[in-house]
Amino acid sequence: MRPDGEATIVYQKKQGYKMIRHYMMGDLLGEGQQGKVKEAIDSTSLRRVAIKIVNLRQLRKVCNGDSTAEEGVRRELSIHRKLKHPNVVELIEQFVLDEKQKLYAVLEYVPGGNLQDVTDELPDNVMPPRIASFLMRQLFVGLEYCHSQGVVHRDVKPSNVMVSTDGLLKITDFGVAEELQRYQDGDTTSKSRGSPAFQPPEVASGCQSFSGFKVDVWAAGVSLYLLMTGEVPFTGSSLINLFETIAKGEYIIPPRLQEQPELLSLVQGLLRVDHSSRLSVSEALNHPWLAEQERSQVWGHEERSLVQRTMHSLRSTAVLRAIARMYGEKFDDADDEGECTTVASAAFRSDGYDGLTAGSGPVGTSEIAARAGAHGSVVSSSTTAAEPAEKGVGRRAKSVTEAEVNHANSASSASSCGVECHQGMDGGSESWQGKDGSQDCALS
Numbered sequence: 001m002r003p004d005g006e007a008t009i010v011y012q013k014k015q016g017y018k019m020i021r022h023y024m025m026g027d028l029l030g031e032g033q034q035g036k037v038k039e040a041i042d043s044t045s046l047r048r049v050a051i052k053i054v055n056l057r058q059l060r061k062v063c064n065g066d067s068t069a070e071e072g073v074r075r076e077l078s079i080h081r082k083l084k085h086p087n088v089v090e091l092i093e094q095f096v097l098d099e100k101q102k103l104y105a106v107l108e109y110v111p112g113g114n115l116q117d118v119t120d121e122l123p124d125n126v127m128p129p130r131i132a133s134f135l136m137r138q139l140f141v142g143l144e145y146c147h148s149q150g151v152v153h154r155d156v157k158p159s160n161v162m163v164s165t166d167g168l169l170k171i172t173d174f175g176v177a178e179e180l181q182r183y184q185d186g187d188t189t190s191k192s193r194g195s196p197a198f199q200p201p202e203v204a205s206g207c208q209s210f211s212g213f214k215v216d217v218w219a220a221g222v223s224l225y226l227l228m229t230g231e232v233p234f235t236g237s238s239l240i241n242l243f244e245t246i247a248k249g250e251y252i253i254p255p256r257l258q259e260q261p262e263l264l265s266l267v268q269g270l271l272r273v274d275h276s277s278r279l280s281v282s283e284a285l286n287h288p289w290l291a292e293q294e295r296s297q298v299w300g301h302e303e304r305s306l307v308q309r310t311m312h313s314l315r316s317t318a319v320l321r322a323i324a325r326m327y328g329e330k331f332d333d334a335d336d337e338g339e340c341t342t343v344a345s346a347a348f349r350s351d352g353y354d355g356l357t358a359g360s361g362p363v364g365t366s367e368i369a370a371r372a373g374a375h376g377s378v379v380s381s382s383t384t385a386a387e388p389a390e391k392g393v394g395r396r397a398k399s400v401t402e403a404e405v406n407h408a409n410s411a412s413s414a415s416s417c418g419v420e421c422h423q424g425m426d427g428g429s430e431s432w433q434g435k436d437g438s439q440d441c442a443l444s
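For the sequence shown, the UniProt record's numbering assigns the number 1 to the initial residue and increments by one for each residue that follows.
Be careful, since some hints might not be right.
The list that follows gives simulated cross-link-like pairs (lysine-lysine, DSS-like), each with its CA atoms no further than 25 Å apart [said to hold, decoys possible]:
#1 102 / 61
#2 102 / 18
#3 248 / 191
#4 61 / 100
#5 102 / 82
#6 36 / 18
#7 36 / 82
Honestly, the hints are just simulated from the structure, not real lab data.
The model shown is predicted, which means the values in this text are computed figures rather than measured ones.
Could you build all of it, start to finish, from the sequences and the hints given here?
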């Protein structure tokens, strides 16, 4: 009430960011059939995370009340939660907000892009042998761990593998993974789901049961072929035609493979039609082409820059501003004009920072930005808030529709964090000749 007795209406300034529990929600990273993935920051530790959000009410509506889809999401998270390994994206926690009827899965954020997008940035979409060997070894180490835990991924492909700017590879998207029975003798399974171009002959020919681990080995072999040639080994004008080609196991050996005998022997070992004679994961890891290399000798500035080109480059400053206010600091921006300046953090990324908790005392804005940068929370840039992000999809997707870009982003950023997308990159085309074989289907 004013002194003259007139009533005064006070409008509270818009918060500028959204809190879900103790997570400050940030940019949308991707969307899929089951939900969306958003970047977020844990306000207690400043750790940057990716949160998969599943609208349970919408999921039930799409499935006409059938609980199978919801059970599938919970089964995926149950499998993923058990896997703790440097080469597997970590599922940190999950929770449901009953009032919103939404499920939240908090995942490790990988500051980088998926392996397919990284390869698409290279000339002819072909990866240099030493880099491919370095990354493929990590893929097999991750698969070896998953198999030791009784988990068959069933959808191994470059777009389901993340690569950080530091050259660390992480397997993601366990949407169609299968957990073997604890006391089961062997790894026999009777169904497979995933991308058709990466399915093995035993699935393509309709076998009733087969080795689950060898399904992943075959898909890794197809992935290696794709990285080294720019094409998948098996194509077809239709799904039936594709499976007929895969069942025969006949593929072209291009000059790039012929010129590298050790690489060729590995590819041929991974792509043997008879799964009993196909290389195992441990045998692949002992292959000379996958010999262990020192990271410092393989991964340098050029490789880091390559991965950075695939990253979602624009960060919302609302979250950074909120962090600054949390510690009583003013964030230097110009709200009225919509311009925001972020503090460079690249120089601070190796300061060994392992978290900052509320109540630790006031911290300067630049230090907050720098320490958040140690978890990948800030990018070194000066931009306007309205500036669109142009990165996030590989070269193969630059002329596709907005919906397809969203699909590609979900796989390359965090969608790879488990949002299960079944739309092919060709927008529903009948052709199965896509370079990355990215169209998905369910096979049983």
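Going down the list of hints, with the structure as the test:
| no. | hint | in the structure |
| --- | --- | --- |
| 1 | 102 / 61 | holds (13 Å) |
| 2 | 102 / 18 | holds (15 Å) |
| 3 | 248 / 191 | holds (20 Å) |
| 4 | 61 / 100 | holds (15 Å) |
| 5 | 102 / 82 | holds (22 Å) |
| 6 | 36 / 18 | holds (15 Å) |
| 7 | 36 / 82 | holds (23 Å) |
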